Every structure is written in structure tokens, then in C-alpha cells.
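Colleague: Numbering (the numbering used here), first residue to last: 1 to 96.
Source of the hints: derived by calculation from the structure; they are not laboratory data. Possibly wrong hints are sitting among the right ones.
Okay, derived cross-link-like pairs now, DSS-like style, lysine-lysine, Cα gap no bigger than 27 Å in a straight line [as the list claims (entries may be wrong)]:
#1 Lys36 / Lys62
#2 Lys79 / Lys62
#3 Lys64 / Lys16
#4 Lys79 / Lys16
#5 Lys36 / Lys16
#6 Lys79 / Lys36
#7 Lys62 / Lys16
#8 Lys36 / Lys60
#9 Lys64 / Lys36
#10 Lys60 / Lys79
#11 Lys64 / Lys79
What follows is a set of in silico ranges between Cβ atoms, one per label pair, in the way DEER data are often shown [said to hold, decoys possible]:
#12 Arg84 / Glu15: 10 to 20 Å
#13 Gly87 / Ser66: 47 to 57 Å
#14 Ala52 / Met93: 17 to 27 Å
#15 Asn4 / Lys62: 22 to 32 Å
#16 Ala48 / Gly69: 15 to 25 Å
#17 Ala25 / Thr3: 18 to 28 Å
#18 Thr78 / Ser53: 16 to 26 Å
#19 Arg67 / Glu44: 40 to 50 Å
#20 Arg68 / Arg90: 46 to 56 Å
Treat the numbers as computed from the prediction; the structure is a model and nothing was measured. Glycine is no exception: its CB is placed at the ideal position from the N, C-alpha and C atoms.
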Amino acid sequence: MTTNRTVLLRPIISEKSYGLMEHGAYVFVVDPRASKAEIRDAVEEIFAVHVASVNTLNRKGKRKRSRRGSTFGQRPDTKRAIVRLVGEDRIEMFES
Numbered sequence: 001m002t003t004n005r006t007v008l009l010r011p012i013i014s015e016k017s018y019g020l021m022e023h024g025a026y027v028f029v030v031d032p033r034a035s036k037a038e039i040r041d042a043v044e045e046i047f048a049v050h051v052a053s054v055n056t057l058n059r060k061g062k063r064k065r066s067r068r069g070s071t072f073g074q075r076p077d078t079k080r081a082i083v084r085l086v087g088e089d090r091i092e093m094f095e096s
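Construct the entire structure; sequences and hints are all you get.
Modeller: As C-alpha cells, this is what we get:
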């Protein structure tokens with residue numbers, strides 16, 4: 001079992017995530033072993049908001065070529081969570 005502080009790794013700041021914020025949804029990179037219930041509990045405890053739903057998606061890391069072009073590497077796989085909040089709840093960290 002992971003602690004609430006280690007479940008959420010970092011927020012995702014992009015045009016798409018800013019568009020979702022208008023509808024009360026926030027996007028985070030989360031620990032790949034975290035369940036939806038653990039993610040919900042972590043967001044509610046850290047930001048003092050009420051979570052309506054949590055959607056998760058696993059993203060496979062891109063295959064990248066080295067600088068010389070002869071060998072290949074791979075970026076790490078990540079897990080993202082889209083967290084929708086109840087009513088007019090907001091996470092102030094994103095708003096500023």
C-alpha cells in the first residue's frame with residue numbers, strides 16, 4: 001500500500017488539461033500500481049475536495065532512436081488519472 005503523497009507524482013499541464021479544467025477535471029501522472037480508489041483518496045486528502053469520478057489510462061513509452069541512429073531506447077511507461085470533482089470544487093494549484 002502506498003501513501004497518499006506517493007500516489008500522485010505530478011500534475012499534467014497542457015492545452016488539453018486546461019480545457020478539462022473548465023469542466024472540473026484535472027489530470028495527474030500517478031503511480032502505475034495505484035488503484036482508482038487510492039487515487040480518489042489521495043486527491044481528497046491532499047487538496048481537500050470531493051471527487052466525483054476517476055478515469056485512468058496506461059500510456060506506453062515511445063520508442064526513441066539514439067543520436068547516432070544506430071540503437072533504440074524507450075521512454076518509460078506512465079499511468080495517468082483524470083479526476084472529476086463534485087460541483088464547484090476547484091484545485092487552486094492549477095488555477096494560478
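Colleague: If a hint holds in the structure, say so; if it doesn't, say that too.
Modeller: Status of each hint after checking the structure:
1. Lys36 / Lys62: 25 Å, holds
2. Lys79 / Lys62: 14 Å, holds
3. Lys64 / Lys16: 24 Å, holds
4. Lys79 / Lys16: Holds, at roughly 17 Å.
5. Lys36 / Lys16: 21 Å, holds
6. Lys79 / Lys36: Holds. Lysine 79 to lysine 36 sits at ~11 Å (cutoff 27 Å).
7. Lys62 / Lys16: Given pair lysine 62, lysine 16 holds - Cα atoms ~20 Å apart, limit 27 Å.
8. Lys36 / Lys60: 19 Å, holds
9. Lys64 / Lys36: 30 Å, violated
10. Lys60 / Lys79: The given pair, whose Cα atoms are some 9 Å apart, holds under the 27 Å limit.
11. Lys64 / Lys79: Roughly 19 Å separates the two Cα atoms, so the pair holds.
12. Arg84 / Glu15: 10 to 20 Å: 19 Å, holds
13. Gly87 / Ser66: 47 to 57 Å: Cβ of glycine 87 to Cβ of serine 66: about 50 Å, so the range 47 to 57 Å holds.
14. Ala52 / Met93: 17 to 27 Å: 19 Å, holds
15. Asn4 / Lys62: 22 to 32 Å: 30 Å, holds
16. Ala48 / Gly69: 15 to 25 Å: 50 Å, violated
17. Ala25 / Thr3: 18 to 28 Å: 24 Å, holds
18. Thr78 / Ser53: 16 to 26 Å: Cβ of threonine 78 to Cβ of serine 53: about 20 Å, so the range 16 to 26 Å holds.
19. Arg67 / Glu44: 40 to 50 Å: At 44 Å between Cβs, range holds.
20. Arg68 / Arg90: 46 to 56 Å: About 48 Å separates the Cβ atoms of arginine 68 and arginine 90, which means 46 to 56 Å holds.
The structure fails hints 9 and 16 (numbered hints given earlier, in ascending order).
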